[in-house]
Amino acid sequence: MVVPLYDPPGMQSERKGELLREAAERVAQVQVAIHDESAKVGERFERYRKEKDPVAQRLAAHFADRVDELEHLFPSPFFVRCDVSSVAGEHRSLYFGKHQLIEESIFSWTSPAARLRFADIGYVEYLAKESEVWKGSLDRKDQFLINDGKIVFMTSESTNYARTLVHQEELMKRKNGFMLPEIVERMERAQDDVVRADYRGSFLIAGPAGSGKTTLAFHRIAYLLQSPDTSPYFSQDNMIVFVQDDETKAYFSQLLPELGIHHVAVTTFAAWGFERLGITDCSFIRRANGVDASDDVYELHKLQALRSVSDGKKNVSDIFTALTSAYDKYFSDQDRLKFDDQRSRRQLDRIDLTILLKLELAKRGEFTYQQEYFEQMKNFEIRRKHTTSPLRYAFIALDEIQNYLPEQVSLIRSCVDGSTNAMLYVGDLGQRVLMGTMEDWSQVGEHFSPGRRVELDKVYRSTKQILEYIRHVGFDVTVPSELRDGPSVIEHVMIPSHDELERVKCEINAETGDIQIGILGFSEADIAVYREAFANNGRVHVLTIHQAQGVEFERVYLVGIRMGMFGESPVEVVGRQRIQRDLIYVALTRAMDELIIVGNAKLSDVFAQLS
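Position 59, counted from 1, in the sequence shown is what full-length UniProt numbering calls 59; the numbers after and before it change by one each time, with no gaps.
The set of hints was computed from the structure by calculation and includes no laboratory data. One or more hints might be untrue.
Calculated lysine to any residue pairs in the SDA-like style (CA-CA distance at most 20 Å, straight line) [said to hold, decoys possible]: (1) K329 / E572; (2) K464 / P496; (3) K150 / Y95; (4) K135 / R115; (5) K150 / L19; (6) K16 / Y161; (7) K505 / N536; (8) K129 / A113; (9) K16 / S93; (10) K338 / T268; (11) K249 / T268; (12) K602 / E491; (13) K505 / A528; (14) K129 / A88; (15) K505 / R531.
In this text, all values refer to a predicted model and were calculated from it rather than measured experimentally.
Model the full assembly from the supplied sequences, consistent with the hints where possible.
As structure tokens, this is what we get:
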């Protein structure tokens, strides 16, 4: 929600200076308190971490998490101040931030009172506890953007003056990562409703690339863990988040603590599947669809076998023997050669794992895990013990849901706790770049009522010029008028093709800014020379489009564009050209600021061949 800013007649520059100084003094005061509190908590952590007692270890973990929260709170202690008066006449100044520091009247954005930051000046009420409604008035509201303890943006409004811009500096552009704290600060009221929706049942967050789907999902997870209304049902031990690959897992694991999400399991379907099956001597192979026609035919035949698997009763000692039996009547001679190579390398792909998990679930009836517990002996010693328990999660999130097979979703859903049924799906079924993935929610028995799904339509990531180019190529996209401007998209159509690398090297070597650059190609062959050329350049990331799904860069080079680059599609592989179109879309939407197309043909002409 955007509210116009203006200077009311009564707000002189002297008064603005007073408001800014008052706020700056408050920031400095709070930072001192955070520093002191962090030192105290750190001492408690040091005291308990050396003890071997399980209770002491848990206390040490708690204090370590709190130190981490305070470290994240220190640079930007709060982003809203709300002055309120209760109907009983009590006046308070409440501050809201990423984490709480009650002693300084700073409350978490997940608290019930944090809804005040979306309220208008005047009468307000909110549900303070399960059956207690706080009533009163919002007399003043200040909003801030604080960077490293310095106020770079501030507005104020009250019963005496309308919303006024008090201070604004030229904001330095963030050059890496998601801007999670800032998104908390400017979260819209409607999105806050999504975060606070009833914890029970399935929920879908959908939208185009760059719309903030994953960020909104993070905030819902943080709210469920931290809100007093929902925290009794959720803990770090009964929640799990599925992401696409190990790189994304590492990335998310670093970001989540900024929102107070500590020790929640972040995993991939492959890692989870290996753990369920007890497989330790195999590696996972990720195969890119839409690139190599023989690979696509191979996966098509595997998918046909997957959808006929039903018998899990027999006890098969060797996983590759079980897979050979499942694939036998669907494989061609060429397929068998590919599978023999897989077997010799001890490699499993997404379809292999799904078949093995289906067989395991059919045989055992449910997935289990080894649960640790502690038993007190007669001599008061504590003994660590284990027991086998059904695998149940109170909450399951699946990011990039468009890349999951329906069978994979069903396997994961079998582990959700019936008391919550809390499934969170994040993604866009219009970006399916793998064969056999979900086309419709009915395939997994899901139906979302209007209150249990949100379609994000605002694109936070790309510039207006990039979206206009995507539309020019042939995609049906909306270009919001409020999008920020950026450089025009550049197409280097070059003959001969060996000049492509030199042009890209020249441009990147001339770049003096500290920006992250992505070089994307459709196949490993398209990017091999770039990998070698930029192997020692930490700000240049060379990836296939499949590998780049889910990440973004300030500048993107899409290389290797040429007519006929996809070759002929086998007739039996239905939908292969759709996957190739979606790959182009994914590639173009990785760019935040600059997009440069490099090849010997125009991308719009290549796209027309796929229509």
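Original post:
Hint numbers the structure violates, sorted upward?
Top reply: 2, 10
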